[in-house]
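**Student:** What follows is the residue order along each chain.
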Amino acid sequence: MSHKAHVPIGPYHPLQEEPEFYKLVVDGETVVDVDVRIGYNHRGIEKISESKNFDQSIFIVERICGICSSSHPIACVQAIEDIADIPVPERALYIRTINQELERIHSHLLWLGLAGHFLGYNTVFMWAWKYRELICDIMETVTGNRQNYAMLKVGGVRRDIEKEHVPYILSRLDELLPKLDMLKGAVLDDPVLHARLKGVGVLTKEAAIDYATLGPVARASGVDIDVRRDHPYAAYDKIKWNVITREEGDVFAKTVVRILEMYESASIIRQCLDKMPQGPIDSNPKDIPAGEGIGLAEAPRGECFHYVKSDGTNSPIRHKIRAPTYMNFPTFRETVVGETISDATIILAGIDPCYCCTERMLIVDTKDKDLMNVEKLIKLSQEKTARIKEKMGL
Amino acid sequence: MNIDEALKNITDRFGSRILIVSRRSAKRAYMDIYPKDVVDVVRYIFKDMAFRFNIASAVDDFDGLEIIYHFSHDAANFVISVRALLKDKNDPHIDTITEVTRSAWWIEREIHELFGIEFDGNKDLRPLLLPDDWPSGVYPLRKNFVVPKRDSRKE
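Residue numbers (this note's numbering), protein chains in the order written: chain Y, 1 to 394; chain D, 395 to 549.
Treat the hints with care, since some could be wrong.
[Unchecked claim] Calculated lysine to aspartate or glutamate pairs in the DMTMM-like style (CA-CA distance at most 20 Å, straight line):
1) K198(Y) to E46(Y)
2) K4(Y) to E18(Y)
3) K517(D) to D33(Y)
4) K537(D) to E50(Y)
5) K23(Y) to E339(Y)
6) K441(D) to E339(Y)
7) K517(D) to D224(Y)
8) K543(D) to E46(Y)
9) K205(Y) to D431(D)
10) K537(D) to D33(Y)
[As the list claims (entries may be wrong)] Between beta-carbon pairs, the in silico distance windows are:
11) D35(Y) to R417(D): 36 to 44 Å
12) A420(D) to P178(Y): 40 to 48 Å
13) P289(Y) to G531(D): 47 to 55 Å
14) N41(Y) to F408(D): 53 to 61 Å
15) R536(D) to Y168(Y): 36 to 44 Å
16) P529(D) to P8(Y): 31 to 39 Å
Just so you know, the hints here were simulated from the structure itself, not pulled from any lab data.
Beta carbons are placed, not taken as given, at the ideal position from N, Cα and C, and that holds for glycine.
Looking at chain Y on its own, in the form it has when it is part of the complex:
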């Protein structure tokens, strides 16, 4: 007999980083339907931006997200530069690229830590967040801030990278790479994670295209898109790097894509520091004429899209912002339905929305019931691990 139950999660929940509301419909342990209600973080930034001038709106969009705080500004300045074909000096393009890639490493490490945490693998969580600090240190050196870097402006960047800082940046990157190797091993060679993530929450290539998914989510489903290569901006067309793709579409593939992308990012930063020409960092544009422009940038989670329409005054009359999660998130019906409720957490986290925690609350009536105590649970867990090992031939 089937018995469907609704499991509400959120909007305010001790384990979630940000408020949102999931309604899971479960039949036994299997999720049969899911719906999401967002909007608890809606701050009306598109409306606010219409009342700010072009310089101020870059600071506003920087505060959309604490993690991608250079992706939104770069998409925004590119949209404004697109209106008037504003030139950007070459050195500024390289500095923008370095800033973007540092952000990608720190964001992917942050996700990796959270994913480990959701899976109960807190070692990965501690390591990933510890070594993310190295990147935050570089960011502080390059931009003056660990977050909300305020580096970008229309026509260039605000701060130059000093020559004496380059050895420090390189030394921190050197320090990071062995740690990345360690993390890569801890995740990709772990049989429990293979068992837990492979084949879970599969997003097919057809669905990935139909939902117009972006970034690592699309690339893990075999959709070979990356704004950095397809719509080159900053200095991405001047250096050599690879787009990482996987065909499987499951959570494991998403993890692999993100981990391998961090190596590419580190390589991009090194090449930029090496090839960066001397020169001005700002073209000092004066007025923004009437017109409309589109800015695309590859944030750690996928393409950031900004559309800016100007009427010749000093503030936009429309500023449309589309963050990558907006396109990736609606795939939850494809990926979660049919899976178990215990996997729903990591599947929802697999697209990296950064706010997926599942906790179940239940009331136990102990009368006439055989309850599991700690010893019994540990024994059960050990037996299951033994079974998994036997199945995987370890």
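Keeping the supplied structure of chain Y fixed, place chain D upon it in accordance with the hints.
**Tutor:** Quick look at chain D alone, frame taken from chain Y:
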């Protein structure tokens, strides 16, 4: 396929149903269509020409409400934006494109609540961002909506 070939392909297919084509650069082009043609044009660009749907955005302008569908061609680095003007601001209607691509599911809900545009045929136009008790008929991204001032003395 470069941007000129793509534009020619679309105008050959639709003829006079494409009102204006404005090629801004080798990377950006805008084309105006009648609202009634939106599903046909979007289906052709998304399905037959295999463009990626970036997003739709609405603009509250003097002549009416504009809705712009942005499509990018990732193999050749350009974006084509398709624009439809809904002249009646009191009762703006356009057909849903969720039949063509599910990626328009959320953005139609968002434009519906923020601009008050009805998407005919879309059965799921529940609020996405605004609270459930938001007054009906108030559309915050319309130009006549003024953000209420906060009175700190009352807090």
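**Student:** For every hint, state whether the structure bears it out.
**Tutor:** Hints, verified against the model:
Pair hint K198(Y) plus E46(Y) does not hold up; C-alpha atoms about 39 Å apart against a cutoff of 20 Å. The straight-line distance between the Cα atoms of K4(Y) and E18(Y) is roughly 28 Å, outside the 20 Å bound, and the hint therefore fails. Among the hinted pairs, K517(D) with D33(Y) is consistent with the structure: their alpha-carbon atoms are about 18 Å apart, no more than 20 Å. For the proposed pair K537(D) and E50(Y), the alpha carbon gap of about 10 Å is at most 20 Å, so the pair holds.
Taking the CA atoms of K23(Y) and E339(Y), the gap is near 15 Å; set against the 20 Å cutoff, the hint holds. The suggested pairing of K441(D) with E339(Y) is violated, with an alpha-carbon distance near 30 Å, which exceeds 20 Å. For the suggested pair K517(D) and D224(Y), the alpha carbons sit about 32 Å apart, so the restraint of at most 20 Å is broken. As the CA atoms of K543(D) and E46(Y) are separated by approximately 17 Å, the hinted pair is consistent with the 20 Å bound.
Between K205(Y) and D431(D) the alpha-carbon distance is near 29 Å, which puts this suggested pair outside the 20 Å criterion. Only pairs whose Cα atoms come within 20 Å are accepted, and K537(D) paired with D33(Y) is rejected, the gap being roughly 38 Å. A beta carbon spacing of about 42 Å between D35(Y) and R417(D) agrees with the range 36 to 44 Å that was offered as a hint. Hint check: A420(D) to P178(Y), Cβ distance near 44 Å, so the stated range 40 to 48 Å holds.
The hint said 47 to 55 Å for the Cβ distance between P289(Y) and G531(D), and at roughly 36 Å that hint is violated. At roughly 40 Å, the beta-carbon separation of N41(Y) and F408(D) lies outside the given 53 to 61 Å, and the hint is violated. Checking the proposed 36 to 44 Å range against R536(D) and Y168(Y) shows it is violated: the Cβ atoms sit about 51 Å from each other. One distance hint, 31 to 39 Å for the beta-carbon pair P529(D) and P8(Y), is violated here, with the actual separation near 26 Å.
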